[in-house]
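What follows is each chain in one-letter form.
Protein chains: 2
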Amino acid sequence: MTQPTKRMELGISTFLDASPDPVTGEAISHAERMRRAVEEIVLADQVGLDVYGIGEHHRANYAASSPAVILAAAASTTKHIRLSSAVTVLSSADPVRVYQDFATLDGLSNGRAEIMAGRGSFIESFPLFGYSLEDYDELFEEHLELLLAVRASEKVSWRGGHRPAFDNLGIYPRAVQEPLPVWIASGGTPESAVRAGTLGLPITFAIIGGMPERFAPLVSLYKEAAARAGHDPSKLQIASHSHGFISDTNEQAAELYYPSTHAAMNKIGRERGWPPYTRESFDGARSLRGRSMSGIRNMSQRKSFFYARILVWIGSSYMSMSAHCLTEKPFVPLSTSAPRLRRSYTRKLPVWRPTNRSSFIYNDCAQ
Amino acid sequence: MTQPTKRMELGISTFLDASPDPVTGEAISHAERMRRAVEEIVLADQVGLDVYGIGEHHRANYAASSPAVILAAAASTTKHIRLSSAVTVLSSADPVRVYQDFATLDGLSNGRAEIMAGRGSFIESFPLFGYSLEDYDELFEEHLELLLAVRASEKVSWRGGHRPAFDNLGIYPRAVQEPLPVWIASGGTPESAVRAGTLGLPITFAIIGGMPERFAPLVSLYKEAAARAGHDPSKLQIASHSHGFISDTNEQAAELYYPSTHAAMNKIGRERGWPPYTRESFDGARSLRGRSMSGIRNMSQRKSFFYARILVWIGSSYMSMSAHCLTEKPFVPLSTSAPRLRRSYTRKLPVWRPTNRSSFIYNDCAQ
Numbered sequence: 011m012t013q014p015t016k017r018m019e020l021g022i023s024t025f026l027d028a029s030p031d032p033v034t035g036e037a038i039s040h041a042e043r044m045r046r047a048v049e050e051i052v053l054a055d056q057v058g059l060d061v062y063g064i065g066e067h068h069r070a071n072y073a074a075s076s077p078a079v080i081l082a083a084a085a086s087t088t089k090h091i092r093l094s095s096a097v098t099v100l101s102s103a104d105p106v107r108v109y110q111d112f113a114t115l116d117g118l119s120n121g122r123a124e125i126m127a128g129r130g131s132f133i134e135s136f137p138l139f140g141y142s143l144e145d146y147d148e149l150f151e152e153h154l155e156l157l158l159a160v161r162a163s164e165k166v167s168w169r170g171g172h173r174p175a176f177d178n179l180g181i182y183p184r185a186v187q188e189p190l191p192v193w194i195a196s197g198g199t200p201e202s203a204v205r206a207g208t209l210g211l212p213i214t215f216a217i218i219g220g221m222p223e224r225f226a227p228l229v230s231l232y233k234e235a236a237a238r239a240g241h242d243p244s245k246l247q248i249a250s251h252s253h254g255f256i257s258d259t260n261e262q263a264a265e266l267y268y269p270s271t272h273a274a275m276n277k278i279g280r281e282r283g284w285p286p287y288t289r290e291s292f293d294g295a296r297s298l299r300g301r302s303m304s305g306i307r308n309m310s311q312r313k314s315f316f317y318a319r320i321l322v323w324i325g326s327s328y329m330s331m332s333a334h335c336l337t338e339k340p341f342v343p344l345s346t347s348a349p350r351l352r353r354s355y356t357r358k359l360p361v362w363r364p365t366n367r368s369s370f371i372y373n374d375c376a377q
Numbered sequence: 011m012t013q014p015t016k017r018m019e020l021g022i023s024t025f026l027d028a029s030p031d032p033v034t035g036e037a038i039s040h041a042e043r044m045r046r047a048v049e050e051i052v053l054a055d056q057v058g059l060d061v062y063g064i065g066e067h068h069r070a071n072y073a074a075s076s077p078a079v080i081l082a083a084a085a086s087t088t089k090h091i092r093l094s095s096a097v098t099v100l101s102s103a104d105p106v107r108v109y110q111d112f113a114t115l116d117g118l119s120n121g122r123a124e125i126m127a128g129r130g131s132f133i134e135s136f137p138l139f140g141y142s143l144e145d146y147d148e149l150f151e152e153h154l155e156l157l158l159a160v161r162a163s164e165k166v167s168w169r170g171g172h173r174p175a176f177d178n179l180g181i182y183p184r185a186v187q188e189p190l191p192v193w194i195a196s197g198g199t200p201e202s203a204v205r206a207g208t209l210g211l212p213i214t215f216a217i218i219g220g221m222p223e224r225f226a227p228l229v230s231l232y233k234e235a236a237a238r239a240g241h242d243p244s245k246l247q248i249a250s251h252s253h254g255f256i257s258d259t260n261e262q263a264a265e266l267y268y269p270s271t272h273a274a275m276n277k278i279g280r281e282r283g284w285p286p287y288t289r290e291s292f293d294g295a296r297s298l299r300g301r302s303m304s305g306i307r308n309m310s311q312r313k314s315f316f317y318a319r320i321l322v323w324i325g326s327s328y329m330s331m332s333a334h335c336l337t338e339k340p341f342v343p344l345s346t347s348a349p350r351l352r353r354s355y356t357r358k359l360p361v362w363r364p365t366n367r368s369s370f371i372y373n374d375c376a377q
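If you read the protein sequences in the order shown, they are chains A and B.
Numbered according to our numbering, the first sequence spans residues 11 to 377.
Numbered according to our numbering, the second sequence spans residues 11 to 377.
This is chain A alone, in the form it adopts within the complex (with noise of 0.2 Å):
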């Protein structure tokens, strides 16, 4: 006797990053970078993508900063492709306008919108929208609370230590999915897992330093207090994003991926006070045990599966799919390579069971 399976999910996410190509110097305008994106998921949702996702900044190189607003310029004409956030900064949002702004394109979309909650990798909206850094997990919490409640019924009474209290008071438009699916994004603490886990709300493990190989005891956590917590073990969903792009062979997937990665790290990595990214780190990320999906197919999807036995332990799986640098001619890599790899990982799917929802891989090469 089997048990019933799922089949495993490919998507890509974004930040829509607007930045300067570091080698032509070349960039595009704001607006130019979101239309694309929006091309982007049409033809994401033709070749048989599940899920294309926009993280929120407030930063000048990322043309994100209200993903329910450009995901909805996909919604009519696209229609099996899910539209998620990746990430909505929940701490220094407010959770009703989150919750409208998503059951809105969950209506527009009939049914395919997601929040992926996280509390922000960046923090310039804090200051931007009057939260305080001292109250960064509590402000999560209490937000993802309200985020909740707000899901679960029409009507919501409301107290709290960070957000205006109200009473009885209803909320529109109301979601097409019951429930509107709400994710946590983790970069990777044990406290995200357990909380995730505890509500019994699907995981999404953003890899993005580090080796994969560190996630496997966090997705024990996850399950281990959502059993404790009572919810079903087999409808948790678990996701992992991963950096990556795919070309026709290792050598020129990386030579194009490196600069736009290169940039992007080391922008980063100075803000933050990391060493910097060198091109020792790029090919030890692009290795087996390594966290980037950079390659071609075949590395990526054997990757892939590579993750998958880290994790198959505790009975979660899961992959991630090539973007493609829009420096390029935009969508040839990902038209010719997302329905091979849907395919073949199609037909591998009963091996890992429960499978799980899982996707995402960061296109974060520049333009």
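Do not take every clue at face value.
Heads up, the list lumps identical chains together, so a pair's fine if it works in one copy or across two of them.
As the list claims (entries may be wrong) - Listed next, the in silico EDC-like pairs over lysine to aspartate or glutamate satisfying Cα-Cα at most 20 Å (straight line):
no., residue 1, residue 2
1, K245, D177
2, K89, E42
3, K89, D60
4, K233, D145
5, K233, E134
6, K233, E265
In short, the hints are calculated from the structure, not lab data.
Please arrange chain B on chain A, whose structure you already have, making use of the hints.
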């Protein structure tokens, strides 16, 4: 020598009313209502209307609490039509988020977004987002000031009484249009007219009660305030909103439009202590001097010119366009009447110099 003239503009605005049909009892979901609106925007663009506006509400019978998200769903499938809120309840919104949402819409539509800012006719959003009705006017003034500051420059510092302060922060994405249009929506108070004139902002009068004639002095006030503040009067823009419905005969228009108007006006009237809305009120509004644009095309056109005559002595002009009731097979009245109205108005345009954008009729019939 003639002054350069702008052509008049025509449009539709809607609150996405999803109340049950008062005749048949049938209701549609919020999701279906907003998807139909997106189809309607696409059609309005094809038939040559100039603007489509969606109003923000937080009530069970209206589907639009996030106008920018809904408008974005039409951004990539339309070419010319301008996409506006009608209105954005600025008093209870964060002006930074409002700018970001509409700058994003502006990018997606390549420069076709507009914000119409109002204090809000309904009050649900105040308790929901933690604002006090005691600050009704002050909140609007302060939020408008911040919105205009964000619109004016990428880096902004802010100190105010009702919204957290911040210092020299960048706000992204930037709008394509410079500046992103910000209209003032007025229900007809002298204060609104003077405020908009002083700031040199375009103004929209919602003529949904009383007689249109009473707006003539407000237009004077608006223009005088603008002149005192040194704004070029030829660059001011004035628009009006009115309810309306066009059909093949006056009688048919009345019969189709009366039930939903009656239901909607009495629903609001019960909350606000208005006298009952009667057939006499409805027919009075349909008369030449009344405020409703319901009727056949010629009737509506004649009334528009009558309105324009009321205002022409102060150098302004405006008109309206029919809406259609979505309980009927959608789009037929719109697609057949819009091009004809557009042509007839366009022929007459040089008469009204300097003419203004103006447009809008509420599409408030049930569903």
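Contradicted hints - numbers only:
Of the numbered hints given earlier, those the structure breaks are 1, 4, 5, 6, listed in rising order.
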